[in-house]
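Student: Heads up, the working numbering is the position in the sequence shown plus 102, with the first residue counted as 1.
Any given hint could turn out to be false.
Unchecked claim - Each computed SDA-like pair below joins lysine to any residue, with the alpha-carbon atoms no more than 25 angstroms apart: (1) Lys297 x Val174; (2) Lys212 x Ser249; (3) Lys212 x Asp201; (4) Lys212 x Arg291; (5) Lys212 x Ile224; (6) Lys225 x Ser208; (7) Lys302 x Gly275; (8) Lys212 x Glu266; (9) Lys225 x Ser147; (10) Lys225 x Ser246; (11) Lys225 x Asp268; (12) Lys212 x Asp268; (13) Lys302 x Glu289; (14) Lys225 x Ala204; (15) Lys297 x Thr248; (16) Lys225 x Thr179; (17) Lys212 x Gly160; (18) Lys212 x Tyr250; (19) Lys302 x Asp268; (20) Lys225 x Lys302.
Everything labelled a hint here was simulated from the structure, so no lab data went into it.
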Amino acid sequence: MTTRLVSRARIGAVSVIALLLAGCGIRATEVPTNFGPAPSRVRCSLAEPDVSTQAARGLPVQVFLLCGSSLVTVDRTVRVPDGAADSERRMLVAQGLLDQLAAPPSPAEKEAGYSTDVRGGIKVSGPRPGDPEDTLRLSTTPDSLTSYALAQIVCTFSDSAAAEGDGSVVLGGPGAEPPRRWECTDEVRARPGSKEPPSKDVPRE
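My request is simple: use the sequences and hints to build the entire structure.
Tutor: If you want it as structure tokens, here you go:
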């Protein structure tokens with residue numbers, strides 16, 4: 103008899119607790135829940151200027167790195183000798199930008215979430231006969247690059263002294279294929295992994 107009363111009392115207590123939880127909008131559960139640690143937040147901005155990347159004297163430039171799922175600009179410098187002719191200066195800037203894109207982000211940039219998909223060893227040269235005079239020929243075909251790397255290069259070049267400054271750049275590869283004009287759009291900057299820079303044919307000269 104006593105055992106039955108105790109059991110009923112326990113059942114009644116559990117029922118009351120369940121009703122109280124339901125009244126508070128909390129769903130009772132007998133299974134412990136573990137949602138894991140809170141997701142980390144990528145800042146995509148440096149707390150202060152990263153002087154380690156700006157220590158070398160040279161021409162101030164900006165390159166596009168990856169952060170999260172978008173492209174962001176960071177400050178860099180490239181070496182350009184005084185008195186260099188315009189065509190030579192343009193090639194030096196273009197190669198310097200490529201080298202900066204391929205360089206590993208600084209410790210401060212890594213901590214802020216920056217990365218790059220551009221690999222080292224890519225070289226750039228000027229136009230071939232028949233190419234538009236503002237053509238930049240890469241040592242690898244643009245189509246062989248990842249969508250992230252292509253977006254980084256197109257957006258960095260199109261916003262620099264290596265191009266005409268109209269938001270686009272004429273790129274070609276090492277082969278005989280004609281170059282194309284690639285454009286850096288808002289969609290490309292926002293989603294470089296899923297939105298490839300649009301391109302179009304350019305008239306031969």
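Student: Does each hint fit the structure? Answer for all of them.
Tutor: So, going through the hints one by one against the coordinates:
no., hint, verdict
1, Lys297 x Val174, "holds (15 angstroms)"
2, Lys212 x Ser249, "holds (21 angstroms)"
3, Lys212 x Asp201, "holds (18 angstroms)"
4, Lys212 x Arg291, "holds (19 angstroms)"
5, Lys212 x Ile224, "holds (23 angstroms)"
6, Lys225 x Ser208, "holds (22 angstroms)"
7, Lys302 x Gly275, "holds (15 angstroms)"
8, Lys212 x Glu266, "violated (31 angstroms)"
9, Lys225 x Ser147, "violated (29 angstroms)"
10, Lys225 x Ser246, "holds (14 angstroms)"
11, Lys225 x Asp268, "holds (23 angstroms)"
12, Lys212 x Asp268, "violated (31 angstroms)"
13, Lys302 x Glu289, "holds (17 angstroms)"
14, Lys225 x Ala204, "holds (11 angstroms)"
15, Lys297 x Thr248, "holds (11 angstroms)"
16, Lys225 x Thr179, "holds (18 angstroms)"
17, Lys212 x Gly160, "holds (24 angstroms)"
18, Lys212 x Tyr250, "holds (17 angstroms)"
19, Lys302 x Asp268, "holds (15 angstroms)"
20, Lys225 x Lys302, "holds (23 angstroms)"
Violated hints, in rising order: 8, 9, 12; the structure is consistent with all others.
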